[in-house]
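Visitor: Construct the complete structure from the given sequences, taking the supplied hints into account.
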Amino acid sequence: MQNMGIEMLERARFDAASLGAIVVRNDPGNAPWGEARNVALHVSGAEFNPIANLSRCFGLDTAFVTAMVPNHPLGVRAQQGIREMGVKAFYRMFEHNGMDGPNIAQTFSDRGWPGRPPKVGYNRANEAAQLLVPEDFDWDRVFEGGMRLFHCGGLFTALCQKTTDLAIHAFQQAKQHGAMLSYDLNWRPALWGRRGGEAAAQAANHEIAKMLDVLVGNEEDLQRALGIEGPDVEKAGKLDTQVFRAMIEAARKKYPNLRVIATTLRETVTPFKHRWSAIAWAEGKFVEAPVAELDVFDRIGGGDGFAAGFFYSLLTGKSLEDAVLRGWAHGALITSFAGDTTMATMEMVEEYMAGPGSRVKR
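Heads up, the sequence shown is in the working numbering, so the first residue is 7 and it goes up one at a time.
Everything labelled a hint here was simulated from the structure, so no lab data went into it.
Misleading hints may appear alongside valid ones.
What follows is a list of derived Cβ distance ranges for each label pair [unchecked claim]:
1) E150 / V275: 44 to 54 Å
2) E13 / R83: 35 to 45 Å
3) E41 / E13: 46 to 56 Å
4) F114 / R19: 35 to 45 Å
5) R17 / Y128: 33 to 43 Å
6) G323 / E255: 41 to 51 Å
7) K181 / V45: 18 to 28 Å
Result set (BS3-like, lysine-lysine): computed pairs, CA atoms no more than 30 Å apart in a straight line [as the list claims (entries may be wrong)]:
8) K291 / K181
9) K181 / K216
10) K244 / K181
11) K244 / K324
12) K244 / K260
13) K94 / K279
14) K260 / K291
15) K94 / K260
16) K279 / K125
17) K168 / K216
18) K279 / K259
19) K279 / K260
20) K181 / K168
21) K279 / K168
22) K181 / K125
23) K279 / K181
24) K168 / K244
25) K291 / K324
26) K279 / K216
27) K291 / K244
28) K259 / K181
29) K216 / K291
30) K181 / K260
31) K168 / K260
32) K125 / K260
33) K244 / K279
34) K324 / K216
Since the structure is predicted, the reported quantities are computational estimates derived from the model, not experimental observations.
Don't be surprised by glycine CBs; every beta carbon is placed ideally from N, CA and C.
Guide: Written as structure tokens, this is what we have:
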């Protein structure tokens with residue numbers, strides 16, 4: 007089967023799988039963190055979310071390769087969250103020592119308020135996922151029966167040299183087993199800053215990008231995490247698609263193996279008012295989603311929602327236009343729910359796609 011210039015398996019045990027760290031997000035709602043008294047716990051992870059969304063909303067068979075700490079309450083919650091989304095897990099189990107780890111990572115992310123932007127913090131001390139090595143997994147078993155798409159992302163590779171090396175090894179294994187390879191650059195200066203900043207990120211991502219079929223990343227991701235030269239995004243405007251278009255040729259020239267490049271575009275008016283769009287390139291053409299004026303309940307997860315919708319269309323033989331619109335619609339819907347993963351149904355997504363102002367631009 008071929009779609010968007012990519013040869014892929016037509017049938018397999020798993021439609022999609024990813025490698026990454028599972029995270030529990032602590033969400034105090036609109037309260038500033040220093041004043042929070044109650045939190046909601048959301049099972050999350052930049053690499054987990056797209057795979058969970060593909061299972062829950064789009065009905066595909068998915069899997070997640072990760073570290074787990076089953077004898078700690080956060081590990082119990084994480085396992086439960088993975089099961090709830092219908093995702094098959096391949097775990098390297100670690101035992102918590104009762105004192106300081108190994109741990110399930112936590113993020114702390116409030117929702118802000120007009121005039122007070124959201125704040126995000128991390129606690130990844132002695133994180134189990136940072137202890138993973140290639141020998142922790144039986145890769146023939148992971149890929150047994152076939153896998154159509156294998157995904158990873160820049161948050162996982164940024165954690166430490168071990169996770170970078172593991173991602174490269176996993177991509178090599180996936181390629182040998184016939185999977186299509188996708189990667190979300192997800193530039194995070196707070197994570198890469200500990201390892202040498204942009205230079206370290208670009209060196210790691212260069213090795214990964216040479217293998218990929220699909221790359222997800224906005225203008226800043228391409229510049230900071232991959233070293234693609236381009237104009238100042240802030241000056242050009244975050245919804246200016248000409249900036250993105252201008253960088254594609256440079257990326258394609260550097261990585262001629264890339265078949266699809268896609269990203270969301272978001273302009274934050276207030277924490278609860280966003281302007282939202284998306285753009286993608288494949289087979290020599292661009293497709294843009296319209297600009298939606300979003301009323302946002304929880305901003306976390308919109309980009310992962312876009313990726314899931316886009317991947318669904320790619321895997322099911324739909325057009326680039328459908329992929330951009332489906333990803334755009336699903337990502338927009340996720341911002342209307344609490345938490346990082348989807349509560350949407352296919353019906354909701356297709357209603358949003360068919361709504362007013364949903365015509366794509368080419």
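Visitor: If a hint holds in the structure, say so; if it does not, say that too.
Guide: For each hint, the structure was consulted:
no. : hint                    : verdict
1   : E150 / V275: 44 to 54 Å : holds (48 Å)
2   : E13 / R83: 35 to 45 Å   : holds (39 Å)
3   : E41 / E13: 46 to 56 Å   : holds (54 Å)
4   : F114 / R19: 35 to 45 Å  : holds (37 Å)
5   : R17 / Y128: 33 to 43 Å  : holds (39 Å)
6   : G323 / E255: 41 to 51 Å : violated (27 Å)
7   : K181 / V45: 18 to 28 Å  : violated (40 Å)
8   : K291 / K181             : holds (26 Å)
9   : K181 / K216             : holds (12 Å)
10  : K244 / K181             : violated (34 Å)
11  : K244 / K324             : holds (28 Å)
12  : K244 / K260             : holds (24 Å)
13  : K94 / K279              : violated (36 Å)
14  : K260 / K291             : holds (18 Å)
15  : K94 / K260              : violated (35 Å)
16  : K279 / K125             : holds (16 Å)
17  : K168 / K216             : holds (19 Å)
18  : K279 / K259             : violated (37 Å)
19  : K279 / K260             : violated (37 Å)
20  : K181 / K168             : holds (20 Å)
21  : K279 / K168             : violated (39 Å)
22  : K181 / K125             : violated (38 Å)
23  : K279 / K181             : violated (41 Å)
24  : K168 / K244             : violated (34 Å)
25  : K291 / K324             : holds (15 Å)
26  : K279 / K216             : violated (38 Å)
27  : K291 / K244             : holds (21 Å)
28  : K259 / K181             : holds (22 Å)
29  : K216 / K291             : holds (21 Å)
30  : K181 / K260             : holds (20 Å)
31  : K168 / K260             : holds (26 Å)
32  : K125 / K260             : violated (35 Å)
33  : K244 / K279             : holds (15 Å)
34  : K324 / K216             : holds (26 Å)
The structure shown violates the earlier hints numbered 6, 7, 10, 13, 15, 18, 19, 21, 22, 23, 24, 26, 32.
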